[in-house]
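Protein chains in written order, with the working numbering: chain C, 1 to 180; chain E, 1 to 567; chain F, 1 to 368.
It is worth saying that the hints were derived from the structure and are not from the lab.
All C-beta atoms, glycine included, are put in the ideal place defined by N, C-alpha and C.
One or more of the hints may lead you astray.
[Claimed, not checked] Beyond 12 Å from chain C on every Cβ pair, some chain E residues (computed):
1) Asn-51
2) Asp-144
3) Glu-188
4) Lys-332
5) Ile-392
6) Glu-401
7) Asp-402
[What the hints assert, rightly or not] Computed list of lysine-lysine pairs in DSSO-like fashion (alpha-carbon distance at most 30 Å, straight line):
8) E:Lys-452 to E:Lys-295
9) C:Lys-102 to E:Lys-269
10) C:Lys-169 to E:Lys-156
[Said to hold, decoys possible] Calculated from the model, a selection of chain C residues having no Cβ within reach of chain E, i.e. all distances over 12 Å:
11) Gln-21
12) Thr-29
13) Met-33
14) Glu-94
15) Glu-144
16) Lys-149
17) Tyr-153
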Amino acid sequence: MATKVVERKPLSIWERSYLPQIVGGLKITFKNMFKPTVTLEYPEERPEIPPGYRGVPTLVRDPNGREKCVSCQLCEFVCPPKAIRITPGEIPEESESRHVEKGPQEFEINMLRCIYCGLCQEVCPEEAIWLQDIYSFTGYSREEMVNDKQKLYELGGTLPDPYYKWDRKKQAELEGNPHH
Amino acid sequence: MSDQPDNLITINLNGKDVQVEPGLNIIEAASRFGIEVPHYCYHPHLSVPGNCRMCLVEMGMPGKDRATGEPMLNDDGSPKIMWVPKPVIACATKIAPGMHVSTESDVVQKCREGVMEFLLVNHPLDCPICDQAGECRLQEFATDYGRGHSRFVERKNVKPKRTRIGPRVMLDDERCILCSRCIRFCNEFIGKPILGFTERGSYSTLTTFPGKELDDNYSLNTVDICPVGALTSTDFRFKMRVWFLKETDSIDTESSVGCNTIVGSREGKIHRITPRRNDEVNDTWMPDSGRMLYKQVEADDRLTAYSIAGKPCSGEEAVKAAAELLLQGQGKVAVVGSGRLSVEEQFLLRKISEVLQSAPTYAVARYGEADGKLISADRNPNVRGALLTGMIGNLPEEQLEDLRKKLESGEVTHLLAVGEDLAEAGIPAELLKQAQVVYIGTRHCDTCQHSKIELPLLTVFEKSGTFVNQQFRLQKFNQAVPGPAGTLFGLSTFTKLYAALTGESPYAPSPAAIWTHMAEEIAEFSGLRYQDIPKTGKVLDGSRFDKLPFREGASLHFTPAAETANA
Amino acid sequence: MDFILENPLILALIKSLLVVGVVMGMAAYAVLAERKVCGWIQGRPGPNRTKLPLLGDLPIIGPFLTRLGIFQPMADGLKFLVKEEPTPGHVKRFYYVLAPIVSFIPAMTTMTVLPFGLWKTADGVQPLVLANIDIGILFILAVSSLGVYGIILAGWASNSKYPFLGGIRASAQMISYELAMGLSLLPVFMWFAPETGGSLNLFNIVQAQGNHYWNVIPQWTVFFQPLGALIFLVSLFAETNRAPFDMPESETDLVAGFNTEYGAFKFGLFFLGEYTHIIIGSGVFVALFLGGWNLPWIGLPAGILGAVLSVLVFLVKTCALIFLFIWVRWTLPRFRYDQVMNLGWKKLLPLAVANFVLYLILIALIES
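Here chain C stands alone, though its shape is the one from the complex:
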């Protein structure tokens, strides 16, 4: 590699006294004192959460109120710190979403383990698990930090669904075989 010799001008006595630099520094800090603050007064002011933010993972329902999770357990498999624990179950016969067949009986995310990597959201084939905009999640005990299914749906709420995959499937079932 070619080396380039940089010419360095020798410092004058005045410069070597360090005083001009001190004065320069003092000028800058003095100017800074009158600039507006850049901080956020946290509990009253809240940061604006950018889209795609990875907050607390939650479970969501589709606009018709159907729980989207079918407990395929891919998130449980992919979760690097093993924070997710699902007990799969069959959807009872009398349920409206009976045609989905499978749903989580219990769904737990241990927020003490979660590292907010978002792999669960990425892997979910049903778009049922979302890392939404909750950025401060606290509790007083270990138990409190384990989100169960009910809590996860409370936090998650409802998200729009572009496909309605299962509803279309149910409709097809009702309409019968298209092949003639």
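We have chain C already, so just place chains E and F on it with the hints.
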């Protein structure tokens, strides 16, 4: 390669000459060399229908001049290959000398892609809820050979999703790819043509014969061989995804056939048992009843804690107390072992009974009806092990008349019952009450109520060891899940008891360590090491017991010695 | 009432309590100022949460004072008082407890000889000072350098490595800079010898600075001895252990230096001592170089109004200097230890000697 048979034939596989035994089809021949030919309908233990078309390969033979019979040669002198103009199915094509096979050519790739596309046209996108996901051939081949996207814009076919075709089997018709493996299994193995296709074309549906259902004791094998998730087990349905299951090699303990199994467990909980291929014992099948045996691990009557006179205690205390109690009755002790214990446990029990100078050790026989397939009449998995180790000298009885008499006469005052309920084996309660009983068992039973000391015994899923099946085949099983919390590990209940009785501890509580002792003492085991026992088992010399009237009749891969002699 | 005012002992007591109160209050608010100014320089608001129940609830004023952090020092002080006071097991207990006291008392003592105003009556001019002694500046130099013993003692008594290193650095630094400091002061006293009669009394020095040359230029020392003022200021920074000379503390490499093992009230004493040092140091600089309570071209009126005005002027100048201390701290990075030694011995000391010789010749020339 001196041990290779000399009748090998040479075929050319993907441009490479290989030697393989004759009589195989192309799928089997290719698999010998690590080449997988994808297939759905073909199954090594069923007939070949050739209806899935997934295994298409290109095949050709060296050409011969019709007039002269001379081999046709290329310009460079190599034999000219007359390729079959269309691909052939590898499952139904037997290899022949000089055959050229191409499993990776462009034509083959195009064929697979096309077949996959047709199969996936009506296949539902059920993978997230499908129990087969993770071990689904359709999933695997779709990733390997599929297009990756669908050109099918019409609506998919609709078929019934939840049909109960048997007490243990559910059918999802939409997922079915009409490979007919389950139909052939019923026809050929069960011998009852229960299943069949009705309708035609895209309406084709798998159904049971009207008024019948798939309730045979081998029905769950259809679930195993179903290449997709069309047939699912009611017991395992929606319980756990297969990729979480830790697979452990085990043995079916319900009879002396000793089907090879795989135990699927996750975090100490067993979720299912499936058969493991062993072409000399059970092929790829196993009975449904054997698949439910894992429930004994978490059964309600499972004995999980040590106790002395009804008071809970630690394992060490219980062993020490048991040794003291048994030593008090030295000379008047009877040991009742079991044909359900592993070979190692039976050996240690023999050693313990020798220390106690007990009468000949008893065992309890269990007999049931043999089905001629994979359930034999002897319902103890390891009676031959008990004979080989010398725990018992003769075939066991169902009722312990001899022991009852000895108890009545006072010849026996102390009892060590291992894995057997004495009350069930014909010892009345009042006799048990008088005797000093140490009970080591997996479950609470009537004997427990009269026993002074109780020690939990590990089930077959919680320990490693060996069984000897009806063929005198020594088969290994491995520990799948840990025992109940607080119980002694592996063989240590027995080694510690031996140590407490004698004051010395020559035996380490691992099967490998016990095997070094057994190989020295038992002629049939000499030269054997635990770690050398192959996965498919090792047949031992059982000629020492030729005279014994074993009750087993003929079953899959087994002909009784008596019948062989007659024939 | 007359009895009280006429009894010199009681009068002295009241005066000293007043002075101590003011200085302590200033120290407390200097801490607040430090945090506020630091915040502003760094683009933060600084402490703005602490609120007194009644005063903080007043409309407009309450929130304003709260946001200014006016109540923060009370919370800080209360915290130092009520915190649990742990003593590590490995310390030398007696000296460990003694150290903060040794560091705090000299800081408070120096204030006694510092004049902070004047009282003009018909009989003449009275200095407002606790002890108007003739050797004022010597007393200040002598007592304030005792403060370093507290730091050395803390470093040694803590019996652990970071405080030990902090103590060593403090002692070396003190010795190095005291020389330059003393030498930079000599020309000041020589310069005013005609007015003061060669006295070392601080009040006389301040009074002498009230005159004007040719009735135009105020006779403040800083105008005609800038180099001396600079040397004194730099030495003052070093003597008070302020950034960029906070070697003994240097939280980044020595954790917290000599006070690593201290907490709660004992740490509070160190803390208060440091800020008292800054206030007294600023006061001395104001008295010696910035004309004390003198205003250029304006004479102070006689009587109580003049007294109050003089004190105010003195305080304003002192506060400006405290601000400079804070400002510099949040501007300059800390020197390396060898750089500190280098500057003290190889730069400031020769410079101070040169300064001294220069003014010696100059004064001799003027007088002849």
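Quick rundown of the hints versus the structure:
1. The non-interface label for E:Asn-51 is consistent with chain C: the shortest C-beta to C-beta separation is roughly 20 Å, beyond 12 Å.
2. At roughly 20 Å, the least C-beta separation between E:Asp-144 and chain C is larger than 12 Å, which holds for a residue marked as non-interface.
3. Residue-level check passed: E:Glu-188 sits 32 Å from the nearest beta carbon of chain C, beyond 12 Å.
4. With a minimum CB-CB distance of about 53 Å to chain C, E:Lys-332 clears the 12 Å threshold, and the non-interface call stands.
5. Taking the minimum C-beta to C-beta distance to chain C, about 45 Å, the non-interface status of E:Ile-392 holds against the 12 Å cut.
6. The beta carbon of E:Glu-401 sits about 50 Å from the closest Cβ of chain C, which is more than 12 Å, so the claim that it is off the interface holds.
7. Look at E:Asp-402: its CB is around 51 Å from the nearest CB on chain C, clear of 12 Å, so calling it non-interface holds up.
8. With a C-alpha separation of about 28 Å, the suggested pairing of E:Lys-452 with E:Lys-295 holds against the 30 Å cut-off.
9. For a cut-off of 30 Å, the pair hint linking C:Lys-102 to E:Lys-269 stands: about 21 Å separates their Cα positions.
10. Restraint check for C:Lys-169 and E:Lys-156: the C-alpha separation of about 9 Å stays at or below 30 Å, so the hint holds.
11. The Cβ of C:Gln-21 sits about 64 Å from the closest Cβ of chain E, beyond the 12 Å cut-off, so the non-interface label holds.
12. Residue-level check passed: C:Thr-29 sits 59 Å from the nearest beta carbon of chain E, beyond 12 Å.
13. Every Cβ of chain E is farther than 12 Å from the Cβ of C:Met-33; the closest lies at roughly 59 Å, confirming the non-interface assignment.
14. Its beta-carbon lying about 14 Å from the closest one in chain E, C:Glu-94 satisfies the requirement of being farther than 12 Å from that chain.
15. Residue-level check passed: C:Glu-144 sits 24 Å from the nearest beta carbon of chain E, beyond 12 Å.
16. With a minimum CB-CB distance of about 16 Å to chain E, C:Lys-149 clears the 12 Å threshold, and the non-interface call stands.
17. Remark: the non-interface label on C:Tyr-153 is consistent with the geometry, its nearest Cβ contact in chain E lying 18 Å away (cut-off 12 Å).
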